[in-house]
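2 protein chains.
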Amino acid sequence: MFEIAELGHTVSKADYNEQVPELRTQLLTVQQQLRSCDFSVLILISGVDGGGKGDVINLLNEWMDPRYIRTFAFGTPSDEEKERPKFWRFWRTLPPKGLTGINVSSWYTEPLAKRVSGQIDDNALQIELMQIRQLEQELIDDGMLIIKCWLHLKKDEQKKRLKALEKDPETSWMVTERDRKHLKMYDDFALVAERVLTDTSTGDAPWLIVEGADLRYSSLTVGKHIYNRIQQQIKRREAEKIARAAVKPPEHIMPLAQQNLLDSLELDLTIDKKDYAQELAFYQGKLNKLAREAHLQKRSAIIVFEGWDAAGKGGAIRRLTHAVDARAYQIIPIAAPTDEEKQHHYLWRFWRHIPRAGMLTIYDRSWYGRVLVERVEGFATDQEWQRAYSEIVNFEEALVAHGIVLLKFWLHIDKDEQLRRFKEREQIPYKQYKITEEDYRNREKWDDYQIAVNDMVTRTSTKAAPWVLVEANDKKYGRIKILKTFCERLEKALENSGSGGKNGASRSGVAT
Amino acid sequence: MFEIAELGHTVSKADYNEQVPELRTQLLTVQQQLRSCDFSVLILISGVDGGGKGDVINLLNEWMDPRYIRTFAFGTPSDEEKERPKFWRFWRTLPPKGLTGINVSSWYTEPLAKRVSGQIDDNALQIELMQIRQLEQELIDDGMLIIKCWLHLKKDEQKKRLKALEKDPETSWMVTERDRKHLKMYDDFALVAERVLTDTSTGDAPWLIVEGADLRYSSLTVGKHIYNRIQQQIKRREAEKIARAAVKPPEHIMPLAQQNLLDSLELDLTIDKKDYAQELAFYQGKLNKLAREAHLQKRSAIIVFEGWDAAGKGGAIRRLTHAVDARAYQIIPIAAPTDEEKQHHYLWRFWRHIPRAGMLTIYDRSWYGRVLVERVEGFATDQEWQRAYSEIVNFEEALVAHGIVLLKFWLHIDKDEQLRRFKEREQIPYKQYKITEEDYRNREKWDDYQIAVNDMVTRTSTKAAPWVLVEANDKKYGRIKILKTFCERLEKALENSGSGGKNGASRSGVAT
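Chains A and B, in that order, are what the protein sequence lines are. Under the working numbering, the residue at position 304 of the first sequence is numbered 304, and the numbers go up by one with no gaps. Under the working numbering, the residue at position 507 of the second sequence is numbered 507, and the numbers go up by one with no gaps.
Calculated directly from the structure, the hints in this document are not laboratory data. Errors might be hidden in some of the hints.
Copies of the same chain are indistinguishable here, so a pair counts whether it falls within one copy or spans any two.
Pairs of lysine-lysine residues, derived as DSS-like cross-links and limited to a Cα-Cα distance of at most 27 Å, are as follows [to be verified]:
1) K97 / K434
2) K286 / K163
3) K434 / K342
4) K286 / K181
5) K241 / K298
In this text, all values refer to a predicted model and were calculated from it rather than measured experimentally.
Chain A extracted, bound-state conformation (with noise of 0.2 Å):
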């Protein structure tokens, strides 16, 4: 495939000088029409060493109005970059709505380099690349415009240029021993390269390849094809938007699932004051002491509490973490998006809290708010929180891959003891805050949300991360079984460690 970037493109001076100012003119006006649009850009520059890529991004920076672009080098991962997933330090740097971010050595970067020096095999590299693609596809479909330019040299142009380069007292700095070392690899190199962009050049995010041996004729090429596709996706999104108006929301929630896992929770099952007691100190003292492995382990947990109003969310996590140490764990109440997380990706605002090594978090909500109130409020579109099934999977597989332990908790509650529990509510001065009318419009709405309820358990329970439904009318109950699933799990997790962090999540059943 890299015949095409072989062929020797070159652009005279005189061309260029022709060419350059109407090409800048372009790129600032449709920087400036993005400025105001609802998706951002990312350009990802990789290529071959002594294709030029620092020159293209330093010309492309001149060219447009570099306040609104935001570029980013990738070099060896921080500490704290290491004690998250993979993808984490990408997605901290993903540019928000209107703005435009490039990247240099982004993600394709490692498992390229890994592949070659031989450190994967051929079934990682594909792993990797799936990876991949789902990410750039989550981001695609968000609205965002992924520009992918490889900048290729053949063989003997890859030669030459690097020995110019430390010829030259000025340049001899750039050529490293690791350049060295590649050139010697120019074909494995190239095979996998070759395989790596065929895999991952998809209707959405297509490779231009180019001819790097003439920074005019590349920066010229990279440059037009930038302008092209962000004036075409301007263009896309504002037919998609007309589009979006004339569609009708659905009057009523469909069901996706057939069977009603809820109904069949056995919601009389309670708990004496006696045996909680116990069972509360036993289970508690249990946790301590595996918190404070997982600590030492450097084993970092999330658990996600979801449930109807009124369930006992707050109280389960309290009573959760009284058991932990209040230096490893912060709770993330999961309310509005502010005005930053809402020029980005709905995952990043919980990206953002990924916690460090040997930390615990608790997402008091979380990202499955994608699937139940903006599904049901219309606030997601079909699309929207159709498709939010498989990209929370993937997040979750994320997370669980790194080693993190990760639980699930459903607090169901039935009807009748959620109006009880708000009248109650509203007779405790210290609770009142907790009862408003939006408490009420969203119980009549009840239906609607068992429907989504159902649907989001059957898609997204997973053997790594299963949902657990927790029988709640009793409150005592419900804390007992979710202090004694976290302790099971969290010893489980713990008894395995070192191997934890390889298995990947399968669909699986439901845990109850």
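Add chain B to chain A, keeping to what the hints say.
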């Protein structure tokens, strides 16, 4: 001063059980009130080893609603933290308005430990404590409530406590080699601690010294103290709000400074086209080398651009970044703050962008907005913009002390030249977006801005970070001056490398 915490205070179990429910209700209630207040609460828990810091914090998290508390323990700094000024890690975890942060091992830990171990002398400690007082005062001025609690133990109590912890296999892990060493140094530690507490017990942020031998006593004492302080602060803020509303903002801007530095600028300075081309090439080449060297030496630089609308900030920035690898700089354009930023001290949004080592960060407008637009438009109160001068000087001193090369350019043009440029911009399609009605509105307030700029330059020109006033009626002249100045400053900083980072900033004249 520790005598009051060596009296053997205890609380019986019965008393404790009676008092806790009331205290909990009080804390929960006040916490709810806080959520809609325009200030945040920061609780610092410090004290001797074995004083029960962890236990007290865990109880606080249990009594209060942990969803609105963020507890941070600061251990060894991460590499990302080490590459920034020392307070950066604390700034990034400050609670937003309405929430409570609890810090264990806060900004007091390191100075204390370093003095006890003899790494720093009394004078160095005094400087560190002064910086802490400044930091706390700035946060307090912004409305933050800082509650500082010190958990004390008598020497023999500490010994007993550590022995008991060590003996129990459940808790022996808590006693580290460091604790044993500290016990031996109890007297030294107590002496330094006394000095630290005395020096930093201010009217607005006094230390509460609590006997830590009995957890029931210490936790109740700390809990009640927190409740009282938050309650008082809520009342105080309300009173202040009423008082503020009663004050009419002055109709005209009154200058603070005597002389008018701007008038002394020779705005007719020009450079001819040929010289410009030569010097531009020369300084860009020079900067390219210097910037590479700075990157290698991991020396960061921050450049602040301020100036009249249409003074040519964007063009100057582009001529400068042209010479720097796009992977090594970031431009931060400062517009209205996001809602997350609004929930914090006005300097928080600038702290968050402080670059990692070896990077160049360019602020296109900056923290000086506080004393320019916010002063002129009345967005900041008189007290707010007036105290901002020293807040800014402190902030910049922290940057320079960390070894960051800091430059501040004011691009100056006259009123006629501005109008000419406005008209010109309106003619060029891709520049039209730069001209809005706001520009004309700002122009009407030229005289007020002129006063504000003069005061700003006079008050915030320090030896470490002098203002450079740029005669920019001739854009080309201005650009060369900026490039040349940056080259000279960077060159000097790189020559002095190694010695950099130690020289404190002192107030001095303005460079022109």
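Each hint, compared with the structure:
In this assembly of identical chains, the alpha carbons of K97 and K434 lie at most 27 Å apart only when taken from different copies (20 Å versus 34 Å within one copy). Taking the shortest Cα distances, K286 and K163 sit within 27 Å of each other only across copies (24 Å), while inside one copy they are farther apart (64 Å). Proximity of K434 to K342 under the C-alpha cut-off of 27 Å is found in both arrangements, the shortest distances being 25 Å within a copy and 25 Å between copies. Taking the shortest Cα distances, K286 and K181 never come within 27 Å of each other, neither inside one copy (53 Å) nor across copies (31 Å).
Taking the shortest Cα distances, K241 and K298 never come within 27 Å of each other, neither inside one copy (46 Å) nor across copies (47 Å).
Hints 4, 5 from the earlier list are contradicted by this structure; the remaining hints agree with it.
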